[in-house]
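K.L.:
Here is how the chains run, residue by residue.
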Amino acid sequence: MNVKEIIEFIAALLMLIGAIMAMISAIGIIRFPDVYTRSHAGTKSSTLAVLLTLTGAFLHFAVEQGFYSVRLLLGIVFVFLTAPVAGHLITRAAYSAGVKMADSTVEDELKDVFENREEDKGK
Amino acid sequence: MAFQIVINLIIAVMWMFLSESYTVPSLITGFLFGVLLLLLLRRFLPGGFYLTRVFKAIKLILIFFKEMVMSNIDMIKYIYSPRPIREPGIFEYPLELKTNWEITLLTSLISLTPGTLSIAISNDKTKLYIHAMNIESVDEEIKSIKETFEKGIMEVTR
Numbered sequence: 001m002n003v004k005e006i007i008e009f010i011a012a013l014l015m016l017i018g019a020i021m022a023m024i025s026a027i028g029i030i031r032f033p034d035v036y037t038r039s040h041a042g043t044k045s046s047t048l049a050v051l052l053t054l055t056g057a058f059l060h061f062a063v064e065q066g067f068y069s070v071r072l073l074l075g076i077v078f079v080f081l082t083a084p085v086a087g088h089l090i091t092r093a094a095y096s097a098g099v100k101m102a103d104s105t106v107e108d109e110l111k112d113v114f115e116n117r118e119e120d121k122g123k
Numbered sequence: 001m002a003f004q005i006v007i008n009l010i011i012a013v014m015w016m017f018l019s020e021s022y023t024v025p026s027l028i029t030g031f032l033f034g035v036l037l038l039l040l041l042r043r044f045l046p047g048g049f050y051l052t053r054v055f056k057a058i059k060l061i062l063i064f065f066k067e068m069v070m071s072n073i074d075m076i077k078y079i080y081s082p083r084p085i086r087e088p089g090i091f092e093y094p095l096e097l098k099t100n101w102e103i104t105l106l107t108s109l110i111s112l113t114p115g116t117l118s119i120a121i122s123n124d125k126t127k128l129y130i131h132a133m134n135i136e137s138v139d140e141e142i143k144s145i146k147e148t149f150e151k152g153i154m155e156v157t158r
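Respectively, the protein sequence lines represent chains A and B. Taking the working numbering, the leading residue of the first sequence gets 1, the next gets one more, and so forth. Taking the working numbering, the leading residue of the second sequence gets 1, the next gets one more, and so forth.
Treat the hints as calculated values from the structure; they're not laboratory data.
List of simulated lysine to any residue pairs, SDA-like, C-alpha gap at most 25 Å: (1) Lys59(B) - Thr55(A); (2) Lys66(B) - Thr55(A); (3) Lys127(B) - Val156(B).
Bear in mind the structure is a predicted one, so any value in this text is a computation, not a measurement.
Using the sequences and the accompanying hints, generate a full structural model.
P.N.:
As structure tokens, this is what we get:
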């Protein structure tokens, strides 16, 4: 077993783990009770899934064809930059629109702040 | 920091002109000599030697990747545990960072680390509101993790 085969095996493994992470993320989106916990699953797991899959594809093409695709690396960087911001914006918009949190929610320190903000706008 | 990098590049180009070989290896040699010169002259430059900051930034990135993997392992535990009820909640986090891009970096890091998701920033940029998966047990632990992140960002930027 030479180095090339080992790297190909690692690439295949990375892609497999990435696919499994994407599936776990999808199950999480179905199972969790409210928007906020769902976007936990949507932000973290799917980011890592995309990262692992693209890294696997990069390794595969680098070893198999000697082609170093910088576009894949840039894709990883852009996903890392945009995914947390998208999660932040979606949860923030949901909170502003008054989406209810799950019944098991313990603490909500943002509530007073938002109510005060509404009052300020009223004045 | 950017000023020191520019000086280092100028020294590298000067080295290329002095040795009259316009190749990448001579550029790298000149760059290494520039690092040596800046190390000697670090007392006269504002803000300290810049490579220490570069190393701190690399360390922050490594910590971040570790936290990323840990958060996904946590996620798997949450998703596959038979008990559906955790104790989610929103808590308030006092910010010490000042500039906008530092705060943006911190919110992104928080969103991708275990059990936390940043929701909103207060209007005066002193408080961050974070949604946590399990607010009872993790609150103190999360605080310590974020202290490491916030400290790391401060070491890089200041």
